[in-house]
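A.B. asks: Taken in order, these protein sequences are the chains called A and B.
Heads up: the first sequence runs through residues 1 to 404, numbered per the working numbering.
Heads up: the second sequence runs through residues 1 to 489, numbered per the working numbering.
To be clear, the hints were calculated from the coordinates, so they are not data collected in a lab.
Misleading hints may appear alongside valid ones.
What the hints assert, rightly or not - Here are the computed distance ranges between Cβ atoms for each label pair: (1) 300/B / 120/A: 51 to 59 Å; (2) 103/A / 388/B: 40 to 48 Å; (3) 472/B / 245/A: 24 to 32 Å; (4) 7/A / 470/B: 30 to 38 Å.
Keep in mind it's a predicted model, so treat the numbers as computed, not measured.
Here a beta-carbon is modelled for each residue, glycine too, at the ideal position from N, C-alpha and C.
Single-letter residue listing:
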Amino acid sequence: MIKRIYFFIYLVIFIVFLSWSEKIIPTRNEISELQLSRVAGFDVEEPSKKVQFSLVVDSEKEKSKNASSDQNSNSGKKENVITVTSDTFAMCLQGLQGYREKTFTTGHIKNILIGENAAKNGLVEEFDFAARNYDLRFDTNVYVTKDTSAKDFLITGTKEVSSLNAGIENLSTTLRGASAPGDYKVVDILKMLTSEQKSGLIPAVELVKEEEEKKEWRIENSEEKGESVRMEVAGYGIIKDAKLISFFSEEELHGYNTVNENYINLMLTLKNGEEKVGIDISDIKVKKNFVFSKDKLEEVKLEIELVGDITEVSDGKNLLKEGLSFYEQKTSEMVTNYVLDAVKKSQETDVDFLKIKQSFRMQHPYRYEKMKDDFEKEFSTLPVTVDVQTTINKTYGMFSVVEE
Amino acid sequence: MFNLWQIDRKVKELPQITIKGKLTSDKAKEVLGDSNDVLVKDIYTGNKSVKIQAIGIDGLIDSDVIDNYVLRPFTNIALNKTEKDLYEMCKNGVIYHISQKEIKDINEAVENILQGNTVVFFDHLEKAVSFDAKNLPARSITEPENESVLKGAKDAFIESIRVNTGLVRKKLKTPMLRLESFTVGKEAVTKLNIVYIEGVTDEDLLNKVREKIKNIDMNDLISAGKFEICMKDYKYSLFPQLLFTERVEKFCANICDGKVGVLIDGLPIAYLLPGVFSTYFQAPEDYSQNYVLSSGIRLLRYICFIITLVLPALYIAITMFHHEMMPTDLAISIIESKEGVPFDTAVEIVIMLVAFELLLEASLRLPKTIGSTISIIGGLIVGEAAVNAKFISPAVVVIIAFTGITGFVIPNQEMSNALRVCRIFLVICASLAGMFGISFGLLFILYYLCSIEVLGVPYMVPFVANGGKNMLKDTIIRLPRDLFGGKDD
Numbered sequence: 001m002i003k004r005i006y007f008f009i010y011l012v013i014f015i016v017f018l019s020w021s022e023k024i025i026p027t028r029n030e031i032s033e034l035q036l037s038r039v040a041g042f043d044v045e046e047p048s049k050k051v052q053f054s055l056v057v058d059s060e061k062e063k064s065k066n067a068s069s070d071q072n073s074n075s076g077k078k079e080n081v082i083t084v085t086s087d088t089f090a091m092c093l094q095g096l097q098g099y100r101e102k103t104f105t106t107g108h109i110k111n112i113l114i115g116e117n118a119a120k121n122g123l124v125e126e127f128d129f130a131a132r133n134y135d136l137r138f139d140t141n142v143y144v145t146k147d148t149s150a151k152d153f154l155i156t157g158t159k160e161v162s163s164l165n166a167g168i169e170n171l172s173t174t175l176r177g178a179s180a181p182g183d184y185k186v187v188d189i190l191k192m193l194t195s196e197q198k199s200g201l202i203p204a205v206e207l208v209k210e211e212e213e214k215k216e217w218r219i220e221n222s223e224e225k226g227e228s229v230r231m232e233v234a235g236y237g238i239i240k241d242a243k244l245i246s247f248f249s250e251e252e253l254h255g256y257n258t259v260n261e262n263y264i265n266l267m268l269t270l271k272n273g274e275e276k277v278g279i280d281i282s283d284i285k286v287k288k289n290f291v292f293s294k295d296k297l298e299e300v301k302l303e304i305e306l307v308g309d310i311t312e313v314s315d316g317k318n319l320l321k322e323g324l325s326f327y328e329q330k331t332s333e334m335v336t337n338y339v340l341d342a343v344k345k346s347q348e349t350d351v352d353f354l355k356i357k358q359s360f361r362m363q364h365p366y367r368y369e370k371m372k373d374d375f376e377k378e379f380s381t382l383p384v385t386v387d388v389q390t391t392i393n394k395t396y397g398m399f400s401v402v403e404e
Numbered sequence: 001m002f003n004l005w006q007i008d009r010k011v012k013e014l015p016q017i018t019i020k021g022k023l024t025s026d027k028a029k030e031v032l033g034d035s036n037d038v039l040v041k042d043i044y045t046g047n048k049s050v051k052i053q054a055i056g057i058d059g060l061i062d063s064d065v066i067d068n069y070v071l072r073p074f075t076n077i078a079l080n081k082t083e084k085d086l087y088e089m090c091k092n093g094v095i096y097h098i099s100q101k102e103i104k105d106i107n108e109a110v111e112n113i114l115q116g117n118t119v120v121f122f123d124h125l126e127k128a129v130s131f132d133a134k135n136l137p138a139r140s141i142t143e144p145e146n147e148s149v150l151k152g153a154k155d156a157f158i159e160s161i162r163v164n165t166g167l168v169r170k171k172l173k174t175p176m177l178r179l180e181s182f183t184v185g186k187e188a189v190t191k192l193n194i195v196y197i198e199g200v201t202d203e204d205l206l207n208k209v210r211e212k213i214k215n216i217d218m219n220d221l222i223s224a225g226k227f228e229i230c231m232k233d234y235k236y237s238l239f240p241q242l243l244f245t246e247r248v249e250k251f252c253a254n255i256c257d258g259k260v261g262v263l264i265d266g267l268p269i270a271y272l273l274p275g276v277f278s279t280y281f282q283a284p285e286d287y288s289q290n291y292v293l294s295s296g297i298r299l300l301r302y303i304c305f306i307i308t309l310v311l312p313a314l315y316i317a318i319t320m321f322h323h324e325m326m327p328t329d330l331a332i333s334i335i336e337s338k339e340g341v342p343f344d345t346a347v348e349i350v351i352m353l354v355a356f357e358l359l360l361e362a363s364l365r366l367p368k369t370i371g372s373t374i375s376i377i378g379g380l381i382v383g384e385a386a387v388n389a390k391f392i393s394p395a396v397v398v399i400i401a402f403t404g405i406t407g408f409v410i411p412n413q414e415m416s417n418a419l420r421v422c423r424i425f426l427v428i429c430a431s432l433a434g435m436f437g438i439s440f441g442l443l444f445i446l447y448y449l450c451s452i453e454v455l456g457v458p459y460m461v462p463f464v465a466n467g468g469k470n471m472l473k474d475t476i477i478r479l480p481r482d483l484f485g486g487k488d489d
């Protein structure tokens, strides 16, 4: 028993001593003394090439006012953007600590925005900082801001919406639902940057003026007056050698999603816009075939099978089985063009976002070993044929029951 | 470990009551002293040349039985008989009594008198005979106060050992039921019985229990705590090692499962040995409900065990060291709730834990009628006024309230008490080193629990030992017994 008591005493002493060692035990920070931020931005200042680190935080004035006024302070809360410019991101963070009486922490950052210029200069510095930062979560979403810097995006965003984080989270949902396989996290980007090619995709967001009517839809809110700017998903940026080199167009994005077997929805516009048919493609199967002549890769064939449903027909006419084949054919043509656009982009940029190289490696490992160094070069000039077969499932007419 | 004050608390050595002298009534009277409840009745033969004496204690003996079935026959047969004749006749059954015993020495005679028997002394022969005609003061059998059940028998043990053994016999009508009697205590002799079923209970376990009881070195065994401290293998352990119950049904069920029961005269509870960890999470209701429901509730108890142990420490660790672990909205909510509170989270938690313990202690000591007032005052003052005064944050009140509630879900109060101390230990660990400290504290507690044994049985059985056999039989969940070769359920 005496031994146990001694052991217990030693244990307590051990823990007490450990608690002074910041190498092992994290620093003790009372939560009420922390300044949380949910959105951060990385930029590069031109021409000094200094880095800029922006954080979206709750406005102190608003906060104190709300704290004393009522309990529903969240509803009227305002955010502002604090930007620090320095040589490194770590120094930026260090510089922030003396700015307010609270300690700035990156532990609750949910979304990181990278300015277009910074992304074009290379993502290594930003993500080196992200990887080494103890607090920053690896499941933080990452976006690149198209046509603007992250700082400007954040400043405009905070003016437009009451909670920028909620706005970006909403964009992330759009990205998931409409066109992409899911969010891209810090860990995904790190994986990409540590891969051999250092290439891949990164989700892009942009600020769009409502009157530009650039998107497939336009939203109006009676509360908003005057010129309004909206945050929108801008597809994907293409990363090569850890640098942003281009963005997807909308057609290329559809092509990318088709080849990667992601859900897509299409709108067939026929008869000069008089007839519109909405189609949801829910099941996509893609087969990548490689044609050889002797040992030389001659052609890549993409065989795509689509299965979908009609979601809406503008004139409400009954679509019977015979009538559907027309729409199936039109859908196939449309998707073929999208895929060819995406293939062209892949060939131009030498980035294997369609995973053709990966399929080739799996199907023909010996041949891949021989030509792996020159694959991108050969693929850039290789003819790619696309064969799309579409099946539209049974649908219902408004005026009568469809017979099988 | 935490009741260290008892380590050096030596039992005050009182001389063993060993009376030296002849087996006579005078000696017995001398030992018992001049107490007015000691009844001495002289019985003379016809010519008054022979005198025998009956001694008993008023209040413990049944006067009617003694008068009609002992004293009256004596006076009837005593005419012209010598003392020797009377003794022989008495011994050979002329005085008819089912529980009559020949006394060997004066010690035994005094012990019998004190236990409520009537002893008839034959002074010239230095012989005595004891007649068991007790009428001990005892309350009637009532419902259990602390282990009430919806479905099941309502009878509970009372303070009389003989009534208790009768209750057990009534429930367990098996010829293999064995009751072994022991007397312990140097000064105040206390009777206790061990109860088991021969062939079911492990012989080694029985021997260990017998050995432990024989080695009890106490002046008296009037309180439950004294018995427990004598029977524990790990005397200084915080965790309970003896399961007790006031329900006869539960006692008998455990005896049938191979446990050894101990009934102590004067205590309205019965002990069950060995009391391993999992038994403290079993409640009588578990066996009268559907096994799915019972399993769910049992699982909930284990979850509550973890919550009540860890929650305050976890809150400290997260809010002081690992704030990034909690959802951002919750973090913001906590930050807002802590606006203006002058204390660190650890201090807040300690204050609230102490306040909670104070309330608990105060309500235990107070009469029921004003106990509820304490709850109201506690709820209002600690819960609301302290929050309004920015003395503590509302989040801490929620944490402590939840911790308290989950602590009460555990059916055994002793286990719950042990957790209260462990909780504070973990709070200190968390305040010093966050999650690292909690991990360390939990590992230490787990190591300790896995290292102790109760009468040779590992405390954490069946989670440890036997290769985890029967781990799910009746522990975290309660499966139907037919899955494990049982007949019922």
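A.B. asks: Now tell me, hint by hint, if it's right for this structure.
C.D. replies: How the hints compare with the structure:
1. 300/B / 120/A: 51 to 59 Å: Distance hint for residue 300/B, residue 120/A holds at roughly 56 Å.
2. 103/A / 388/B: 40 to 48 Å: 28 Å, violated
3. 472/B / 245/A: 24 to 32 Å: 58 Å, violated
4. 7/A / 470/B: 30 to 38 Å: Holds, since residue 7/A and residue 470/B (Cβ atoms, about 32 Å apart) stay within the stated range.
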